[in-house]
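2 protein chains.
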Amino acid sequence: MIKQYLLAPGPTPIPNEVLRAMADTMIHHRTPQFSKILAEVREGLKALFGTKNDVLVLVSSGTGAMEAAVSNLFSPNEKVLVINGGKFGERWLQICQAFGLETIDLKVEWGKAVKVETVKKHLQANPDIKGVLVQASETSTTALHPVREIAQITRTGPLLLVDGVTAVGVLPVPMEEWGIDVLVTGSQKALMLPPGLGFIGLSDRAWAMTERAKLPRFYFDLRLERKSQQKGAAAFTPAVSLIFGLRASLKMMQEEGLDRVYARHDRMARATRAAATALGLGLLAADNPSPAATGVLLPDGMDGDRLLDYLRDQMGITFAEGQDQLRGRIIRIAHVGYMGAFDVVVAVSGLEMALKKFGFPVKFGQGVAAAQEILIETLE
Amino acid sequence: MIKQYLLAPGPTPIPNEVLRAMADTMIHHRTPQFSKILAEVREGLKALFGTKNDVLVLVSSGTGAMEAAVSNLFSPNEKVLVINGGKFGERWLQICQAFGLETIDLKVEWGKAVKVETVKKHLQANPDIKGVLVQASETSTTALHPVREIAQITRTGPLLLVDGVTAVGVLPVPMEEWGIDVLVTGSQKALMLPPGLGFIGLSDRAWAMTERAKLPRFYFDLRLERKSQQKGAAAFTPAVSLIFGLRASLKMMQEEGLDRVYARHDRMARATRAAATALGLGLLAADNPSPAATGVLLPDGMDGDRLLDYLRDQMGITFAEGQDQLRGRIIRIAHVGYMGAFDVVVAVSGLEMALKKFGFPVKFGQGVAAAQEILIETLE
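Protein chains in written order, with this note's numbering: chain A, 1 to 380; chain B, 1 to 380.
Isolated chain A (complex conformation) (with noise of 0.2 Å):
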C-alpha cells in the first residue's frame, strides 16, 4: 500500500469538491441548465484573467489554446518574435512554423529570464515584428519571463501572446493591467481539474485582428467561439463534466481568494528552494524562480530519472523530469493548484529520504526544517 502524492506540474491533483462535480449526472449542452452554468464560469474566468473581454473555453489541452492564438491572430508569412527558453519557448516556435509565419527564434538559457533590453532591441531591428510570444512561466525550466516589463513595449507594438500554463492560477497575470493580448491556460494545472479544458482571453486589439488573421481555423475559430459562448452555447460540443468541476475549482478560488491563492504558490515555492537549498543543492532557476514549480539540480553523478522511479515506486511521490538537455539533471517539485504546506513538507521529507538511499549525505529533517520556518508564516 504506498499512497500516491502528485506533485508534479500537471495534470495536478484534484479536490473532491471538483470531482464530486464532475461525477454529476450529464445534461445536454444546448439547454438553459448548461448556459447557466456557461455564464457563471465565464465570470469566474475573467476575473482570473484579469480582463473584461470573453475568455473562452475550448474542448483541448493548453497546446490547443496555443495553436488558437497564433492561427486566429496571422496571417501567413508574418513575422513573429518567439521568446524561446524552454520546451513551451519550442513549442510556440513549431506551431508558428507549422502555420507558416516568420519566426526570429530568441534563444534564452535554460533556467534564465529573457532580457527585456534584448526583446526591445529585436523589435527595434524589425519593425515589421506582428507578434511577441512568451511563457509567463517556462514549466520546463521552473523559470518566470518578465512579461509584465515586456508588456510595456509591446503595448504600442506588436501583440503580445503569453502561454500563461502553469501562470494563471499561480500569479498575478492580470490581462488589462499589464498589456497582455493574449493569454491562454489548460485546465490541469493551477484550475484543479483533469485535462481537457483550453483557454483563451484576447484583448480589444486582438479581437480585432481576428477579422483580419488570414491563417487557416476551423475548430479554432475564436469568432465563431466567441458568437457561440456568447450566447451560451458552444461552437462543438463542450466537455460538459469538466465544466461542472471548473465551476467547483473557480468558486473553490474566489472562496480562498486570488491574492491568498497566489501567495500560497509562492510560500510553497519558497519554502521549497530553502529546503533544497539547506540540503546543499542548488536551484536552477534561482535568479527567476517560478512559483508553480522548483527546478532542483541533482548531484554530479546522480542518475535523476533513477531517482524519479524510486520516489514514485517505493514512495508513491510523483515528480517532474528534467526535460531535454536537463533530462536526468533536476527535478521538478510542483507546487501548482490543490497543494498545501504539508504537499511541500512530503516532497522534502521524501527527497531527503531517496537521496540518501541513493548515497549523497543527507541529514534528515534539515530541508524539512528550513521549509518549515517559510511555511509557519501563515499562521496565525
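Hints may contain errors.
Copies of the same chain look alike in the list, so a pair counts if it fits in one copy or across any two.
[Claimed, not checked] Within a straight-line C-alpha distance of at most 30 Å, the following computed DSS-like cross-link-like pairs (lysine-lysine) qualify:
1) K46 with K3
2) K214 with K52
3) K130 with K120
4) K227 with K112
5) K46 with K251
6) K251 with K3
7) K107 with K363
8) K79 with K130
9) K120 with K3
10) K3 with K363
11) K231 with K79
12) K112 with K79
13) K87 with K112
14) K3 with K112
15) K120 with K52
16) K3 with K121
17) K3 with K356
18) K363 with K46
19) K107 with K79
20) K227 with K107
21) K36 with K231
Just so you know, these hints were derived from the structure itself, not from any lab.
Based on these hints, arrange chain B on the given structure of chain A.
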C-alpha cells in the same frame, strides 16, 4: 484553502477504491447479486479474524457488536470480569451492567496493560466467572492489553470477549490460534470504511453458549443472523453500500498482505514514538504502546484542547484528544487503516509547528528526522 489530514483513530481516511465502490448503484439485498458479495466479504473477514467460523456483519457501530457479544453469551446475574483500563473498558462494564450481569471491575491505570497475574488471581478467587472482557487495543489510552497471554488462562475457563475495534487489521489477533471466544470490530478503523458496520466472530464454544444464554436480544440475535448470513442474506436490511466498500477494502488488504499491513502499522507507530521522544515529549503508554495510535503527553501547562483546535483549524490536521482525566493532557496520533509513511511526516511536522506556536521550544525537523530513520526501513 486548508487540506485536511484525518489522523484520529476513527473515522479514518477512506481510499478512493473504497469510495468508488460505495458510489456504485444500489442493488436489492435479497438477490443473488448481493449474496455473492456477502459470501465474498465473509471469506475475507474469516481470514482477517483468524477463524474458520462465521464473522457476522451487523448494521451497527462497534458498540453494537460489543452489546451483541454480551447479550448473546450470558444470562442474568452471571458474573463477568471486566478489565477496565480506559473508556472502552468502561464501555464493556456499562453494557454488562445494563444487561444485569454481576461485574467485577478490574481497574487498570490508564495507559498501562493489565497484569496477567492479576487476571489469574481474580479467576482463582471467583471460579464462577463466566466471561472475561478486555480490549486488545484500548483506543482511549493507546495501550495494548496482553490478550494472547490472557487467552492462555481462559482457554479452559470462562469465555474471553475481546474488543478488537482498533486491533483487528492493525495487529494480529488470530481468534483460533490464540483462543479468543468473541472478537468484535467496527468498520471505521483498519477496515478503511465509514462508520456503520459492526463485525463479530465467535468460537465454537461461544456459539454453543448462544443457545443457553438468557439475556434478551432481538436485533442482535446472532443465531438468527448467522442463519441468514449463511444463506447469503441478512436478518435485517444490511448496509448495502458499506458492504460494497467492505469488499473493496478487504481486497486491498489481501493484496497488500496482512503481514505487511501489520508491519506498516507497527512501523508508523514506532516512527511516531521516536519522533515524540526526539522532541522531548513523553508517551502515555510507553511500556505497552498500541500500533493503532500514539498517546503523546503534552508539556506541563499546555492546553491540549486549544492545541488540537489549532492543529485542526489552522493546519487541517485532526488528531484525537485525551478523554476524561487525560483531557487536555495528551493528544492521540493515529496510524489506523489507510495511512502511510508520509501521514507520519505530516503529523510530526504539523505537531512541531503547532508546539512552537504554543511556545514550546522545538527544533524544526528534529521529530521528522527521528521518524524518517524508521520510515526509511521499508524502502529497498
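Quick rundown of the hints versus the structure:
1. K46 with K3: between (37 Å within a copy, 26 Å between copies)
2. K214 with K52: within (26 Å within a copy, 77 Å between copies)
3. K130 with K120: within (14 Å within a copy, 93 Å between copies)
4. K227 with K112: Classified as neither; 40 Å inside a copy, 73 Å across copies.
5. K46 with K251: within (13 Å within a copy, 46 Å between copies)
6. K251 with K3: both (28 Å within a copy, 16 Å between copies)
7. K107 with K363: Result: close neither inside a copy nor across copies, 39 Å intra and 45 Å inter.
8. K79 with K130: within (6 Å within a copy, 94 Å between copies)
9. K120 with K3: neither (49 Å within a copy, 44 Å between copies)
10. K3 with K363: Answer is both: 24 Å inside a copy and 28 Å across each meet the 30 Å cutoff.
11. K231 with K79: neither (35 Å within a copy, 78 Å between copies)
12. K112 with K79: within (24 Å within a copy, 80 Å between copies)
13. K87 with K112: Classified as within; 13 Å inside a copy, 61 Å across copies.
14. K3 with K112: Cα proximity of K3 and K112: none, with 35 Å in one copy and 33 Å across.
15. K120 with K52: within (28 Å within a copy, 81 Å between copies)
16. K3 with K121: neither (51 Å within a copy, 47 Å between copies)
17. K3 with K356: both (21 Å within a copy, 29 Å between copies)
18. K363 with K46: Cα proximity of K363 and K46: none, with 47 Å in one copy and 45 Å across.
19. K107 with K79: For K107 and K79, only the intra-copy Cα distance (16 Å) is at most 30 Å; the inter-copy one is 87 Å.
20. K227 with K107: neither (38 Å within a copy, 77 Å between copies)
21. K36 with K231: within (10 Å within a copy, 51 Å between copies)
Hint compliance for this structure: hints 4, 7, 9, 11, 14, 16, 18, 20 are not met, and every other hint is.
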